[in-house]
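Undergrad: Counting with the numbering used here, you get residues 8 to 647 for the letters of the sequence shown.
To be clear, the hints were calculated from the coordinates, so they are not data collected in a lab.
Hints are not guaranteed to be accurate.
[Stated by the list, open to error] When the alpha-carbon atoms are kept at most 25 Å apart in a straight line, the in silico SDA-like pairs for lysine to any residue are as follows: (1) Lys-144 / Phe-526; (2) Lys-314 / Ser-15; (3) Lys-167 / Arg-292; (4) Lys-454 / Leu-420; (5) Lys-516 / Ala-173; (6) Lys-64 / Glu-493; (7) Lys-187 / Arg-143; (8) Lys-167 / Asn-151; (9) Lys-314 / Ala-20; (10) Lys-110 / Gln-488; (11) Lys-309 / Asp-47.
[Unchecked claim] The calculated label-pair distances, taken between Cβ atoms and stated as ranges, are: (12) Gln-539 / His-455: 38 to 46 Å; (13) Pro-425 / Asn-385: 22 to 30 Å; (14) Asp-47 / Lys-308: 45 to 53 Å; (15) Leu-568 / Asp-498: 31 to 39 Å; (16) Asn-437 / Thr-338: 23 to 31 Å; (17) Glu-148 / Asp-113: 33 to 41 Å; (18) Asn-599 / Gly-446: 45 to 53 Å; (19) Ala-173 / Lys-453: 41 to 49 Å; (20) Asn-623 / Asp-156: 35 to 43 Å; (21) Glu-421 / Ala-491: 33 to 41 Å; (22) Glu-421 / Leu-149: 43 to 51 Å.
The C-beta atom is built at its ideal place from N, Cα and C for all residues, glycine as well.
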Amino acid sequence: MGEQKVSSVDKKATLHRFVRSLLNDVMAMEHMLEHGWFEDDVVRIGAEQEMILVDRKTFKLAPIAMEVMEAVSDYPWIETELARFNLEINLDPHVFAENCLRKMEDEVLTKTRIIRDVLHPMGADLILTGILPTIRKYDLELHNLTPRDRYKVLMDAIHKQLLGSAFELRLSGIDELLVKHNSPLLEACNTSFQVHLQVRPQEFVGMYNIAQALAAPVMAVAANSPLVFGRRLWHESRIALFQQALDVRTTHDHMRERSPRVSFGTQWLDQSIMEIYKEDIARFRVLLSTNTEEDALQMIKKEQVPKLKALQVHNSTVYRWNRPCYGISDTGKPHLRIENRILPAGPTILDEVSNAALWLGAMVGMYQKEGTVSEKMNWEDARDNFGKAARTGLDSKFIWLNDKNISATDLLLEEIIPLAREGLKTQNINPEDIDRYLGVIEERTKKHTNGARWQIKAFSKLKKQTSDDEALSVLTCSIMQNQAREKPIHDWSMPKLSDLPEYRPSALKVDEFMETDLFTVQKDDPISLVAQLMDWRKIRYMPVEDSKGNLSGLITSRLLLRYFARSNSLNGRKSRNVADIMINEPITATPNTTIIEALQLMRSNKIGCLPVVIENELVGIITEMDFLRISSRLIERLEK
8 MGEQKVSSVD KKATLHRFVR SLLNDVMAME HMLEHGWFED DVVRIGAEQE
58 MILVDRKTFK LAPIAMEVME AVSDYPWIET ELARFNLEIN LDPHVFAENC
108 LRKMEDEVLT KTRIIRDVLH PMGADLILTG ILPTIRKYDL ELHNLTPRDR
158 YKVLMDAIHK QLLGSAFELR LSGIDELLVK HNSPLLEACN TSFQVHLQVR
208 PQEFVGMYNI AQALAAPVMA VAANSPLVFG RRLWHESRIA LFQQALDVRT
258 THDHMRERSP RVSFGTQWLD QSIMEIYKED IARFRVLLST NTEEDALQMI
308 KKEQVPKLKA LQVHNSTVYR WNRPCYGISD TGKPHLRIEN RILPAGPTIL
358 DEVSNAALWL GAMVGMYQKE GTVSEKMNWE DARDNFGKAA RTGLDSKFIW
408 LNDKNISATD LLLEEIIPLA REGLKTQNIN PEDIDRYLGV IEERTKKHTN
458 GARWQIKAFS KLKKQTSDDE ALSVLTCSIM QNQAREKPIH DWSMPKLSDL
508 PEYRPSALKV DEFMETDLFT VQKDDPISLV AQLMDWRKIR YMPVEDSKGN
558 LSGLITSRLL LRYFARSNSL NGRKSRNVAD IMINEPITAT PNTTIIEALQ
608 LMRSNKIGCL PVVIENELVG IITEMDFLRI SSRLIERLEK
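Just need the whole structure built from these sequences, with the hints factored in.
TA: The structure is reproduced here in C-alpha cells:
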C-alpha cells in the first residue's frame, strides 16, 4: 500500500465522501488520457524487494521489523510490510537502457547488506524466498501484525467482508493442505520481487495483454514457493495462498459468481487502462478511505496534475497479478506502469534480476513482433496457462499463440528467451548484461532446475533422513548460504544435514513434530480390529474418536497385552468393544504446547504418548518415538 494514512469506511459519510473522490479521480484520469497529459518520451523500470527476517540459530521467523526500522530510520527506501517479520526495499527508478539491470542488481545487493549489518547484532538475518520453508501456522496470528494503523484497518476491513466462518487454504501437490485460519494475515507468507515497467498510454492495452500472456512462461521458470507448513504443494504456492488468504467467499447452494480480490483478471483489455479501474470499482467494495483533500476535477480545470489518492488506495486493495499503476514522474508529468507481481523473491538476487530481465525484454520483444496477442490467443488459454504454471512450473504444457501446444521449457528456449534478447537489444541494454541475465535463465531452463524444483527435491531427500522440522531448518540454512555466495539456482547442490551448524529443537511446538497421518478407531469397534491395525501399522498407540473427530479415548499396546493375557475378559466380564478397555480420559496436548512441556507431561505421568487436540478435536499424536528421533539426531551431531 503506497498510501500510509488510511482509515475505515464504517461511517456512511466517510464512505460517501471517499466514493465521490474515487469517481472524480476516474473522470480526471480519463480527461488526462484523452488530452495527452501522460509522459510518453521515456521508459523507466523499477522494483520492490520483499524479504523475511529469520533467527540465525533457529532459522525460524524473527518478528523484529519495528526494531530494524528504528535502527535504519535515516533510510527512506526501507518500509514495513504486513507482518513483523517482513520488510520491503523500494528501488530507484532507472531509464530502461544501457546498464539499468546491473544498477538494479547492485542496488539490491547494497541495500540488503545495509539491512544485514543491522540484523546481525540482533542475532538475525534476512532471506529471499517466495515462502519461508520454516514458517508455521501460528506465526501468522494477529500478534505478528505490524503495529501500524493502516495494516490493522486493512485486516479488519477484509475480515468484515468474510462470508464464512474462517479463511480456508486448500492446496494439493505431492502433499495436501486443508486448513482453516482465523485471519487474512496468511498473506504475509508471501514475499516477492515486484517489477515495474513504465508504459506509454497509447501502448498500454497491447502491452498489458502481453503481460497477461507472458505470466505463465515467466512464472514457470521463476517458481520458488513450493513448501507451505512442511507440505509440498504447488511449484508457486504463493499464487493460491495469496488468493485464498484474502478470499472472503464461501460455498453456497446456488451458482452466483463472486470474484476474489486476488485474481488474474476476467478478459483481455480492449480499449483503455480505465477498463481495469472501472471493473475493480464495480466488482469490489471499498475497504479503506484516505484523506482526499484534493479535488481532482478542480485541479484538472487549473491544468494541475492530481495525485488521484482515492483511486490509488482502492487499487491497492485489489490484487491483480499484473496490476496497473498511476504515478507522477520527477518531471511533474503523470505516467502509467504495469506492476508484475508474479515473481517470487529469490533464490538469489542474480536470479531475481534475471527473472526481471526476461520479463522486461520479452514484453518489449513480443510487442514489437506481435503487436496484439488478443487476436492470436484465447483469453481462457492465457488464464489456464497461468494456473498450470503455478501448479507445475517448468513441468507445465501450455496452449500458446495460434493454438500451439508446447512445453514450458521448449516455449522458453525457442520463443520467450529469444524475444527477450531482441527486446533488450531494442532498449540498448549493454550486450554483456543481456548475456549475463538471460544466460542464467537459459541455463536454468536447460537444466530444468528452478527454485521450486530444487526445494521439492531437497526436502524430499532430507525428510527420509530426519524429522520434518530439522529438514526444513537444513533447507532454509542451505538457501541462505547459497544466497550469500550469489550462486544462481541452477548451480546449487543438494543440501546435507551437516549444512546446519546446530539444531535447536527445544523451542519447537507440538504442531511442528506431531504425527498427523492418524489411524484411529471408534468405541464400538471390536478389539480384534484394533489388535490387527496396530500390528499391521506397527504402532503402539491408537486414538479413539467419535464420528465427528473428537477424542473419546486411547488404546495402548500394553492395554491389549493385558486384555489378551486375561483370556479376553476384564474384571470377570467378557470384553468385546474398544470402549471396554480404552483409557477414557487420556492426557492430551495442544498444537501450541512446547516440546519441553510435552516431554515433562509424558515423563511426570509415565506415559508414552500424547493425543493432540484443539477443543477436544483430535488433530495429531506424539509418542516417545518422536522424541527418540529428535534426540538421536542431537547425539549424532554431538559425535560429529
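Undergrad: Run every hint past the structure and note whether it holds.
TA: Here is what the structure says about each hint:
With a CA separation close to 24 Å, the supplied pair Lys-144 and Phe-526 stays within the 25 Å bound. Between Lys-314 and Ser-15 the alpha-carbon distance is near 21 Å, which keeps this suggested pair within the 25 Å criterion. Using a Cα cut-off of 25 Å, the hinted pair Lys-167 and Arg-292 holds, with the two alpha carbons roughly 11 Å apart. Note on Lys-454 and Leu-420: the hinted pairing holds, with a Cα-Cα distance of about 12 Å set against a maximum of 25 Å.
For the hint linking Lys-516 to Ala-173, the alpha-carbon distance of about 23 Å falls within 25 Å, and the restraint holds. A threshold of 25 Å between alpha carbons decides the hint, and for Lys-64 with Glu-493 the separation of about 21 Å falls inside it, so the pair holds. Distance hint between Lys-187 and Arg-143 is fulfilled; the C-alpha atoms sit about 13 Å from each other, no more than 25 Å. With a C-alpha separation of about 20 Å, the suggested pair Lys-167 and Asn-151 falls inside the 25 Å cut-off, and the hint holds.
A hinted pair counts as satisfied when its Cα atoms are at most 25 Å apart, and Lys-314 with Ala-20 qualifies at roughly 22 Å. As the CA atoms of Lys-110 and Gln-488 are separated by approximately 24 Å, the hinted pair is consistent with the 25 Å bound. As the CA atoms of Lys-309 and Asp-47 are separated by approximately 22 Å, the hinted pair is consistent with the 25 Å bound. Separated by about 45 Å at the C-beta atoms, Gln-539 and His-455 satisfy the suggested range of 38 to 46 Å.
Checked against the given bound of 22 to 30 Å, the beta carbons of Pro-425 and Asn-385, roughly 24 Å apart, stay inside it. For the pair Asp-47 and Lys-308, the beta carbons lie near 23 Å from each other, so the given range of 45 to 53 Å is not met. Between Leu-568 and Asp-498 the C-beta distance comes to about 56 Å, which lies outside the given range of 31 to 39 Å. Taking the beta carbon of each, Asn-437 and Thr-338 are about 25 Å apart, inside 23 to 31 Å as hinted.
About 38 Å separates the C-beta atoms of Glu-148 and Asp-113, a value consistent with the hinted range of 33 to 41 Å. Between Asn-599 and Gly-446 the beta carbons are some 48 Å apart, a value that agrees with the proposed interval 45 to 53 Å. Between Ala-173 and Lys-453, the C-beta spacing of about 44 Å keeps the proposed range 41 to 49 Å intact. Checking the proposed 35 to 43 Å range against Asn-623 and Asp-156 shows it holds: the Cβ atoms sit about 38 Å from each other.
Here the CB-CB span from Glu-421 to Ala-491 is close to 35 Å, well matched to the stated 33 to 41 Å. Distance hint check for Glu-421 and Leu-149: the Cβ-Cβ separation is about 48 Å, which falls inside the suggested range of 43 to 51 Å.
In terms of the numbered hints stated before, the structure departs from hints 14, 15, listed from lowest to highest.
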